[in-house]
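What follows is each chain in one-letter form.
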Amino acid sequence: MIYSDKVLEHFKHPHNQGSIKNADAIGEVGNPVCGDVMKIYLKIKDNIIKDIKFETLGCAAAIAVSSALTDIVKGKTLDEAIKITKDDIVEDLGGLPASKIHCSMLGVEALQAAIKNYKDNQNKLK
Amino acid sequence: MKTIYFDHSATTPVEPRVLKEMLPYFSKKFGNASSLYSLGKEGALAVEKARQRVANFLNCETSEIVFTSGGTESNNLVLKGLVKALSPLRKKIHIITSSIEHDAILEPCADLEKEGVSITYLPVKPNGIVDIEIFKKAIRPETVLVSIMYANNEVGVIEPIQEIGELLKKQKNKIYFHTDATQAVNALDCDVQKLGVDFLSISGHKIYGPKGVGALFVKKGSSLKGIQLGGHQENNLRSGTLNVPGIVGLGKAIELAGRERLKNNSKIFKLRNKLIAGILKEIPDVILNTDIDNALPSHAHFSFLGAEGEAILFELDFRGIEVSTGSACASGSLEPSHVLLAMGLSPETAHGAIRFSLGKGNTAEDIQKTLKVLPLIISKLRAMNPLYKN
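Protein sequences appear in the order of chains A and B. Residues in the first sequence are numbered consecutively from -12, following our numbering. Residues in the second sequence are numbered consecutively from 484, following our numbering.
Bound conformation, chain A alone (with noise of 0.2 Å):
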């Protein structure tokens, strides 16, 4: 099992990781007795996601999906973001060891959890 560069790099000096305080919506997934947990934290406005922060345990695949999503998912509309599949994380990585795919779809489900917490929350306030 080799990984790219990219994924190294990512879990190595990883892009927005943390929390953010007054979030707009959060998503969790995982859980620990399967080694892997992704939070995902959410600022947004007009429908556009204008920060996103994650948490991860797990290996290093799991925390360089974690990385490369936050990255791809800045800035993009709702919508544009729900359309985000695991095949588009695992690209962006440069691939991904085939015993590690599950981890982009990690990535996918944290951020799904949390476009859905951010509308669920909107639906109360209405």
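For the record, the hints were derived by calculation from the structure and aren't laboratory data. There could be a bad hint or two in this list.
[Unchecked claim] In the SDA-like style, the derived pairs of lysine to any residue whose C-alpha atoms are separated by at most 20 Å in a straight line are: (1) Lys863(B) to Leu(-5)(A); (2) Lys(-1)(A) to Lys567(B); (3) Lys863(B) to Gln4(A); (4) Lys863(B) to Asn3(A); (5) Lys863(B) to Thr72(A); (6) Lys40(A) to Ala866(B); (7) Lys8(A) to Leu870(B); (8) Lys(-1)(A) to Pro858(B); (9) Lys608(B) to Ala825(B); (10) Lys40(A) to Leu870(B); (11) Lys872(B) to Ile13(A); (12) Lys40(A) to Tyr871(B); (13) Lys511(B) to Asn542(B); (14) Lys(-1)(A) to Met484(B); (15) Lys567(B) to Lys657(B); (16) Lys8(A) to Pro869(B); (17) Lys863(B) to Gly5(A); (18) Lys(-1)(A) to Lys863(B); (19) Lys8(A) to Lys872(B); (20) Lys657(B) to Arg573(B); (21) Lys(-1)(A) to Thr486(B); (22) Lys(-1)(A) to Gly803(B); (23) Lys(-1)(A) to Arg802(B); (24) Lys863(B) to Ser6(A).
[Unchecked claim] Examples of chain A residues lying across from chain B (beta carbon under 8 Å, computed): (25) Phe(-2); (26) Glu15; (27) Lys26; (28) Glu42; (29) Thr43; (30) Leu44; (31) Ile50; (32) Tyr105.
Owing to the predicted nature of the structure, the values given are computational and were not obtained by experimental measurement. C-beta atoms are modelled at their ideal positions from N, C-alpha and C, and glycine is treated no differently.
Based on these hints, arrange chain B on the given structure of chain A.
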């Protein structure tokens, strides 16, 4: 950047003294040890010298040594070769092994189960040692083989081989006894008479010898059939042209391992203990999974709670420090190490597993540098973990 190698349980560098003895047998003395002319005889004599060295180390006869391609093949040969020899004679075959064996035992066992052999996988105590009382109860009239590793590759715990050997000698029916000693040769006495074993597996590359060579001790008179057929080498137990340079290397490596064992053990033991003391002092929320009173001197296995093993491995690698992990993420199977789970670790704890296995080339500076960077790495990863609160 100088690499600090802490993965001697995975493999070791070939000793210069070993390499020197091997080199002539690649090009100059390249003969097939089965050929009758001088060049062949030269190879055959070199093989017999190596066989003598292995026999000296194990305290057995040269005729009881079968050269193989390594530990995996030796283990496969015992399990499958014994079943092959006994199955025409017996309706029921039962084998006892442990739940913390290497896959080179567990996978052939799983294969034999499909052929109708019944296998008992003994549980272990929290430190990884087989419970003798449970073992005694597992013995059945149809038990033909017990296979228990001498020392565990992950946590380094040493199993009570001699005690099991004595118990088996008292049984009415003949029960063969095998030990996978792959991890034990560097550090422990492997006298087969004392251990009371019928079969014992060793590997060249774990003892500063070459990869691709190993041996199996087969006690005289044992039922065993070859599983690889061809040119009848090794008393028909292992066909295939002999790997002369590899066998020469194994012979020299095992001779050195025996001669220098005490010196190496004492050096490695001190360094390992320094590493353990430092890690437990500098880093909170760490569990030491190696029972150091019952383990090889080389092993220090930890769980770093709230950090994932593979991530720790790569962070260390960036700083030139090479270790291994039993975390699921590194194995590709999504299941954490079966050894750690058998010892009763929770999956969460097993995910943060890191194994340090020290060797004779390690120094006090290696330990110091590791103790300097590891706390920072663990803090960095824990800071990323949404669930870890300090």
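Which numbered hints are broken by the structure, listed smallest first?
Violated hints: 2, 5, 13, 32; rest satisfied.
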